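Peer 1: Listed here are the chains, written in short residue letters.
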Amino acid sequence: MIAKTSILIILLSINIFASEYAVVVDKSVQINKLTQKQIRDIFMMKRHFVKDIKIVPVNISSSAKLRDEFEKKVLKINRVKLNRYWIKQHFQGISPPIIQSSDNSMRLFIQNVKGAIGYLPISAVNQELRILYEF
Amino acid sequence: MSFKLKIVSLILSVSLMPYIILMVYAGNTLRKKYYENTQHELKMQLDLSIENMEQYINMIKRDMLFISNLEIMNDVFSKDVDRRISILLEKKKKELSIEGDFFVYDKNGVIIASSNPKMILKKDKIKAFFSQDIYSPFDKSVIAKIVLKFSLKNLIKLYENTEDRHYYIVVDKTKELFKEDSFENEITVRKALDTRPKIVVVLEQNQEQFLNLLKKYELWFILTLFIGAIIIASLALFFINKLIRPIIELSKVAEDITHKQDYSYQVKVYSDDEVGRLSSSFNKMITGMQMALIKLQEEAKNRENLIEEKSKSEMLEKLSTKLSRYLSPQVYQSIFSGEQDVTLTSKRKKLTIFFSDIIGFTDITDTMESEDLSNLLNDYLNEMTLIALKYGATVDKYIGDSIMLFFGDPYSKGVKDDAIACVNMALDMNERMSFLHKKWKNSGFTKPFDVRIGIHTGYCTVGNFGSKDRLEYTIIGSSVNLASRIESSAKPQEILISNETQLLVSDSFECKKSKEIMLKGFKRPVSLYVVEKKIKEIEKELLDIKKNGFELSYNINELSLDDKSILKEELSSLIKNL
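Note that the protein sequences, when read in sequence, are chains A and B. In this text, residue positions in the first sequence follow our numbering: the first is 1, and each later residue adds one. In this text, residue positions in the second sequence follow our numbering: the first is 136, and each later residue adds one.
A couple of the hints might just be wrong.
What the hints assert, rightly or not - Simulated pairs of lysine-lysine, PhoX-like, Cα-Cα distance not exceeding 20 Å: (1) Lys33/A - Lys73/A; (2) Lys280/B - Lys214/B; (3) Lys275/B - Lys242/B; (4) Lys275/B - Lys114/A; (5) Lys214/B - Lys114/A; (6) Lys419/B - Lys403/B; (7) Lys54/A - Lys333/B; (8) Lys257/B - Lys214/B; (9) Lys350/B - Lys377/B; (10) Lys178/B - Lys333/B; (11) Lys114/A - Lys27/A; (12) Lys114/A - Lys242/B.
Note that these hints are calculated values from the structure, not bench results. Computed from a predicted model, the values in this text were never measured in an experiment.
Build the full structure now, drawing on both the sequences and the hints.
Peer 2: Here it is, written out as structure tokens:
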């Protein structure tokens, strides 16, 4: 138990210290930069197009730390409020963004789906992706 | 085949036939019914099974559709690196507990997720039972395909085979899958899946048990049939024996009667029905026949006797007819009527004896040819005999030319009347002789002869005389001799009678006393009389006339003078009227 907790603490401290996340798209997507506001709209499914490009937002699974960070820093909304929002949206036929469970699958999804936009730790961003926003 | 056997077999067939028909029909119906019922039941079960299979298939289909629509399918885009889809598919496989695997192909035909981890990232082309496209959540384009490799065993697995019922599947009409050992006798139903016509589900039911049951029943049926036949046959035999016993007896008796010709047999009458009546009628007939036969036999016997008697009597008659010529008709009659037995008996009786002969016959025989003489003699004797018979004389014998007659035996009118008849006869003979004289003269006999007659009445011994072998009916005694002597004393054409006779006939004849003569053999002279003529009767003293419508009788001796005068008047008036 002690060992597990210590590993967790170490990992957390690493994250805190190396903390830099980025909202990314595939390189083929002709978008260079997005504001926090734009990103928020996209992930709240209020905006679907950027420069005539259909955007597909992808969330990481809700258990991931990255998701918490993204909601806190980019969407700036807490989980309870967000859930309430999505319940409301659900009745209007709007679903929350697709969820990918790992960085790897997030990256693959972004690369494979045209107009997909997601977020990853900067360390996980490779050459095929373009960073639109860092947080 | 005997009558009894015929009836027994008839009754057996008539009584057993419906039973057999019923049993066979029942057996067939049972079999058919069982078959139909079982088939129907199987069909129902199969229908239900098919429905369940379809539902199962649909469920799987729905599940796959559901899976395909899951958000998690977006992991297709990330090549399921998180193995979320694979895990889901594994779970699903477990949940459905199917034999087979789920596969998710990407656009390039590469397996990116599967319930079977070994197959991931392979490019195997799998023959899929189900396949469902996965659409992109953004542009509804097909991004992948979820496929189920499905063993048909899953369908069969839903239904466990029982001891008597097996499921199996036939694919493409011939390929039999999951088929266990077949039954020897089975009822089979089959049905294709609605959604997959190539898959035919077969349900078969073992019939063995039922057939065994049926066999058991068949055994029972045969046993009961056998027992029934025995019971019916024995009952039939019993009753038939009872029924046809009279008929058998009847035929036996009839046979016996035919063989033995014994009509004393009688048949027992057992009942009051037609057969009983037949028996009693038969008895009556036999009795009748017996009676008739006895009668017939008697009649035949009688007839035989009659014929015998007749032939005997005919013979006797012929004999007697022949004999009659040699006998006096009276003697003949009295003998043949049995009044007198032909024995050596004799009796004393007072008779009137008559003798006649031809005078000078010895001379005549010398002068005539013997043929003429015999003709003449026969003529004479014949004529005389006729007269004698007319007066009832008994012709005793012909002694050459002389005739001996007597009156008083065997028939007698009384001594007096016999004597009168004798004298009358003698007169008649004399009269006839004069007629014969003329006849003979006309015939050319120049010397006709005369006769003389002597009559005497006295006691004689009359009867059969002679030896045991030869008898003669005649009279003997002194009276006979006397009559003969009297005759020899008579003159031609004279009737000479003795005093005894004259005393008897004096009322009727006028007689003239002749001389007293001493006759040879007689010590005292004998008084003789010549019969002259018949004293005429007082004519018409009595009258008795009877005609239709007329009757008259009178006796003049009874009439008084007054009566006579009255009668005269009456008759004269009667004559006038006539």
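Peer 1: Are the hints correct? Go through all of them and say.
Peer 2: Status of each hint after checking the structure:
The suggested pairing of Lys33/A with Lys73/A holds, with an alpha-carbon distance near 17 Å, which does not exceed 20 Å. The straight-line distance between the Cα atoms of Lys280/B and Lys214/B is roughly 13 Å, inside the 20 Å bound, and the hint therefore holds. Simply put, Lys275/B and Lys242/B have alpha-carbon atoms about 14 Å apart, close enough for the 20 Å limit, and the pair holds. Between the alpha carbons of Lys275/B and Lys114/A the distance comes to roughly 13 Å, so the proposed pair stays at or under 20 Å and holds.
Distance restraint check for Lys214/B and Lys114/A: the Cα-Cα separation of roughly 15 Å lies within the 20 Å cut-off, and the hinted pair is therefore satisfied. For the hint pairing Lys419/B with Lys403/B, the CA-to-CA distance comes to about 12 Å; that is within 20 Å, so the pair holds. The suggested pairing of Lys54/A with Lys333/B is violated, with an alpha-carbon distance near 46 Å, which exceeds 20 Å. A hinted pair counts as satisfied when its Cα atoms are at most 20 Å apart, and Lys257/B with Lys214/B qualifies at roughly 13 Å.
As the CA atoms of Lys350/B and Lys377/B are separated by approximately 40 Å, the hinted pair breaks the 20 Å bound. With a CA separation close to 19 Å, the supplied pair Lys178/B and Lys333/B stays within the 20 Å bound. For the suggested pair Lys114/A and Lys27/A, the alpha carbons sit about 10 Å apart, so the restraint of at most 20 Å is met. The suggested pairing of Lys114/A with Lys242/B holds, with an alpha-carbon distance near 15 Å, which does not exceed 20 Å.
Hint violations for this structure: numbers 7 and 9, all remaining hints satisfied.
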